[in-house]
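Asker: Below are the chains, spelled out letter by letter.
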Amino acid sequence: MIDLSMVRAAGDVRLTLRLNSAFQRATDLQVKTGAVVAEDYLQQLVLSRDGETLAEFQFSRYMRPKPTLTVTLRQARQGQQVVLTWSTSQGKRGEQTSIINV
Amino acid sequence: MQRRTFLKSVAVLMLAVALPGRAFAAWLDKVFTAKTSQSALDVLAIKAKPEPSNQLMLELPEITDQPGDVLVRIRSEIPGTDLMLLVDEQRDNPVLFLCKPSSAVLADFTTQITVDKTAMLKLYVRTMAGGKEALYMVNKEVKVAFDPVVNKTGAH
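Sequences listed follow chains A and B, in order.
Under this note's numbering, the first residue of the first sequence carries the number 2, and numbering increases by one thereafter.
Under this note's numbering, the first residue of the second sequence carries the number 22, and numbering increases by one thereafter.
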């Protein structure tokens with residue numbers, strides 16, 4: 002749902018998060034008989050590593066349709082787990098794990 | 022006074038942790054549905070007055086051809102940065118983006134916002150150092166060259 006790419010910059014690792022087309026489809030406007038009944042968008046994203054919260058992000062509806070986000074982790078080590086937990090304004094939730102490998 | 026401010030911040034943090042998801046979402050909604058920046062800062066229990074700082078960066082294009090998404094970079098080099106708030110005061114609900122970085126990440130983020138018309142964006146940064154709260158601010162305008170309203174009426 003969220004594509005994550007990473008590059009190493011000195012001892013840090015820069016992550017780029019990008020909502021992919023699956024996320025876009027999952028949060029498309031809900032349309033019933035031609036009328037928009039609700040809008041949905043990424044509202045909250047929490048980034049954690051080895052159980053420690055690194056950063057929390059909250060987005061307004063003005064960030065639609067497809068926010069990307071770049072985050073730089075200090076002193077990131079190879080093999081560490083990064084967990085992304087997200088939720089949308091309509092209550093959809095997800096979690097995905099990536100391993101630092103750069 | 023400083024102690025009181027610190028205790029309030031701790032109380033807000035404890036509340037955020039203790040609140041069940043639904044209540045936390047409702048609290049968050051208050052931030053994003055606030056009608057002014059000041060109201061949003063009040064919901065966040067930030068009492069410090071904003072001061073300008075040259076250690077903040079708000080980077081975005083000075084001009085964009087037409088309404089749409091633009092990249093925006095926010096950065097704070099101030100030690101103890103624990104909250105960053107990006108607002109567009111001209112919107113009905115000015116808060117665009119809120120982030121709470123820990124010391125394990127750089128307070129340096131790039132994201133996208135949708136700009137409909139010329140806007141003055143403001144970045145507020147809160148720091149907590151030694152229990153003392155401080156608030157800093159920087160602003161920057163992004164101009165939209167193509168104004169659909171002006172274009173529709175044919176006026177310039």
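The reader is advised that the hints may include incorrect statements.
[Stated by the list, open to error] Dumping the calculated DSS-like pairs for lysine-lysine here, alpha-carbon to alpha-carbon at most 25 Å:
(1) B:K161 to B:K121
(2) B:K164 to B:K138
(3) B:K70 to A:K93
(4) B:K153 to B:K138
(5) B:K70 to B:K138
(6) A:K93 to B:K51
Simulated from the structure, these hints should not be mistaken for laboratory data.
Asker: Work down the list of hints and note, for each, if the structure agrees.
Answerer: Now for the hints, and whether the structure bears them out:
A C-alpha spacing of about 21 Å is found between K161 of chain B and K121 of chain B, which places the hinted pair at or below 25 Å, so the restraint holds. The suggested pairing of K164 of chain B with K138 of chain B holds, with an alpha-carbon distance near 7 Å, which does not exceed 25 Å. Proximity of K70 of chain B to K93 of chain A is assessed by CA-CA distance (about 37 Å); at most 25 Å being required, the pair is judged violated. Under the criterion of a C-alpha separation no larger than 25 Å, the hint pairing K153 of chain B with K138 of chain B is inconsistent with the structure, at around 37 Å.
The straight-line distance between the Cα atoms of K70 of chain B and K138 of chain B is roughly 28 Å, outside the 25 Å bound, and the hint therefore fails. Between K93 of chain A and K51 of chain B, the direct Cα distance comes to roughly 20 Å. Compliance with the 25 Å bound is thereby established for this hinted pair.
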